[in-house]
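Here the protein sequences come in this chain order: A and B. Counting from 1, one number per residue, gives the positions in the first sequence under UniProt numbering. Counting from 1, one number per residue, gives the positions in the second sequence under UniProt numbering.
Just so you know, the hints here were simulated from the structure itself, not pulled from any lab data. Treat the hints with caution; some may be incorrect.
[Stated by the list, open to error] If the Cβ cut is set under 8 Å, some of the chain A residues that face chain B in the computed set are:
hint: 1; residue: LEU4
hint: 2; residue: LYS5
hint: 3; residue: VAL22
hint: 4; residue: MET135
[As the list claims (entries may be wrong)] Distance windows between CB atoms, simulated:
hint: 5; chain 1: A; residue 1: PRO76; chain 2: B; residue 2: LYS60; range: 51 to 57 Å
hint: 6; chain 1: A; residue 1: ALA63; chain 2: B; residue 2: ALA162; range: 56 to 62 Å
hint: 7; chain 1: A; residue 1: PHE66; chain 2: B; residue 2: THR102; range: 41 to 47 Å
hint: 8; chain 1: B; residue 1: LYS60; chain 2: A; residue 2: VAL73; range: 35 to 41 Å
In this text, a Cβ means the ideal position worked out from N, Cα and C, and glycines have one as well.
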Amino acid sequence: MSELKNDAPKLSEIKKEHPFRVPDNYFEDFSSRLHTRLETEKQALPNPKSRIIRLLKPAIGLAASFILVFLLVFWPLKSFLPSYMAKNNSAIETTTTEEDTYLSILEKIDENSFFALLSESSDEEINDFNDEELMSYVSSNFSEYEIYLETANE
Amino acid sequence: MKSEDSALIAELKDDNQRDLAFHKLVKKYQERLYWHIRKMVLNHDDTDDILQNTFIKVWKSIENFREESSLFTWLYRIATNETITFINSKKRRTMLPLNDATDYLRDNLISDPYFEGDKIQMKLQEAILLLPDKQRLVFNMKYFDEIKYEEMSQILDTSVGALKASYHHAAKKIEEYLRNTD
Numbered sequence: 001m002s003e004l005k006n007d008a009p010k011l012s013e014i015k016k017e018h019p020f021r022v023p024d025n026y027f028e029d030f031s032s033r034l035h036t037r038l039e040t041e042k043q044a045l046p047n048p049k050s051r052i053i054r055l056l057k058p059a060i061g062l063a064a065s066f067i068l069v070f071l072l073v074f075w076p077l078k079s080f081l082p083s084y085m086a087k088n089n090s091a092i093e094t095t096t097t098e099e100d101t102y103l104s105i106l107e108k109i110d111e112n113s114f115f116a117l118l119s120e121s122s123d124e125e126i127n128d129f130n131d132e133e134l135m136s137y138v139s140s141n142f143s144e145y146e147i148y149l150e151t152a153n154e
Numbered sequence: 001m002k003s004e005d006s007a008l009i010a011e012l013k014d015d016n017q018r019d020l021a022f023h024k025l026v027k028k029y030q031e032r033l034y035w036h037i038r039k040m041v042l043n044h045d046d047t048d049d050i051l052q053n054t055f056i057k058v059w060k061s062i063e064n065f066r067e068e069s070s071l072f073t074w075l076y077r078i079a080t081n082e083t084i085t086f087i088n089s090k091k092r093r094t095m096l097p098l099n100d101a102t103d104y105l106r107d108n109l110i111s112d113p114y115f116e117g118d119k120i121q122m123k124l125q126e127a128i129l130l131l132p133d134k135q136r137l138v139f140n141m142k143y144f145d146e147i148k149y150e151e152m153s154q155i156l157d158t159s160v161g162a163l164k165a166s167y168h169h170a171a172k173k174i175e176e177y178l179r180n181t182d
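Extracted from the complex, chain B is given alone in its bound form (with noise of 0.2 Å):
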């Protein structure tokens, strides 16, 4: 994985094969990307445009990826801080407060064509939208797409018993919200 990942790379630096590079870097990342904004976002169509800033951005910084972490980190930390400034622009756009886009993201989640949860996924959901955005990005790392504590450290450079007690935290608030809602 890593030694691919490396060729790849090496291949995003050469002027000559960069675009087919660079289109195999997109169908090979293009899903876990996806489906880390979307939990964040809710919504396919906002999804769907953080995703290509993601990956425009990728195009544009290759040239300065140091290697210093892996490509899969280093392209969840772009997509993530992509995923951030949205929302942050939409709270802004919307005069929220900072931490407040509870109001907008469950517009988000009850307008969305492509949701096709049952009862019990939907109160999940809303209950995750409740956390403040650092602990909702922490718990669907962790909860949905199982990533590991160290690896969480490096994409949102936060300590690994910091991210450990972020969420604990969100899975308590999250049961609470289920147990009173019964």
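Here chain A stands alone, though its shape is the one from the complex (with noise of 0.2 Å):
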């Protein structure tokens, strides 16, 4: 305090006291005000549930979405377009039935005879052609110096 006497003897001249005052029963009233805006507070903040919730929101809006825009693309495809919907299904079918077919055949056959009917196949395409149909299509195909040229070379 002296301190301040030597620094600043004009400021140490001023009574150390409040110039301010506040309005009657300011400090009676300012508790039951205080309250009065904490309940509001109180309401205002969310509840865990709804906060879930409120985190939940984006994903269960995507979700939402996602289901709209099937129902209203597949639905009415289904619903206005049954003769197309019906022939698609029955060609997948189909496919489906031969390929199924033929995988039971194949599973049924085992190795040998696998290779055996491979070349009974092919013996057969090469007993198809004889002397003359084979003197025909030579003849028809090649010409008499190319004939003599590969017979000459054997």
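Make one complex out of these two single chains by using the hints.
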């Protein structure tokens, strides 16, 4: 304090009192006014349940929009174009059944019989040619000179 | 005092006793915090808003109070932060430079119907207004509230040496203003 008197004599002359006052009963009423505001604040605070919903809201929204798009596209197609859908479905079914049949036949055949079947079919193809047919094929597709060259090389 | 506050903190952290304990806390500290804020913003209505915000913040964060400082220090710190936030928001709204809220506060002082000081007290308030925010805060806390530097150091998170220097500079500036306007 004496330090203040030396450093700031003018300041130390001024009475140290509050030049401000408050409205009547301010401190008596403050607590109840604060209580009212606190109640409002408490009501404004979200409860944990609604907080979870708020967090999940974007995900739920996204899922709902996917469902909506699906319903808007697939459902009208199914209801307004029933013949088109039926056709498509039967084509898919046919392909599936044919594939299934082939697979079941192949499963039943063992390795030896499979190769025997293959050689049999190639023999048949070769045996299909007779000499006359071969002669006519050669004469129509090759000239005499080419036939001569081929036979001379042998 | 300390054990009284410890009991109050325990009650505040207990869900069943919180409302009553909070009421006790408000009754106990409202005046001291009010004057601490009022000396910074000068106007009663602004002070009332800041004081309410301070106690709302106390209510919301009492669970996180770790009792590393005394309850009084913690309350003062919240009130100080709320006051500085308020002054800064006023500066931003009125497009004032960050260190100059003097005009706004001077208007507050002149238009305040609850100022009842004499001429010399008005002059002292004007001189205090010219100080930078931090110096103003330190001066008010030391000169009017007579808070110890050690306690002030905890509230303002500043070293005792820096606070002493701040107070010394503030007192010198005020003395100069009073002399020049005589």
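Now the hints, each set against the structure:
Hint status for LEU4/A relative to chain B: holds, with the closest Cβ pair at about 6 Å, below 8 Å. Taken as an interface hint, LYS5/A does not check out: its beta carbon lies about 11 Å from the nearest beta carbon of chain B, beyond 8 Å. The interface hint given for VAL22/A holds, since its Cβ lies 6 Å from the closest Cβ of chain B, which is under the 8 Å cut-off. Of the supplied interface hints, the one on MET135/A is violated, with its beta-carbon coming no nearer than about 108 Å to a beta-carbon of chain B, more than 8 Å.
Separation of PRO76/A from LYS60/B is about 53 Å and conforms to the stated range, judged on CB atoms against 51 to 57 Å. A hinted range of 56 to 62 Å for the beta carbons of ALA63/A and ALA162/B is consistent with their spacing of about 58 Å. For PHE66/A paired with THR102/B, a C-beta distance near 60 Å fails the hint of 41 to 47 Å. Between LYS60/B and VAL73/A, the C-beta spacing of about 49 Å breaks the proposed range 35 to 41 Å.
Hint compliance for this structure: hints 2, 4, 7 and 8 are broken, all remaining hints hold.
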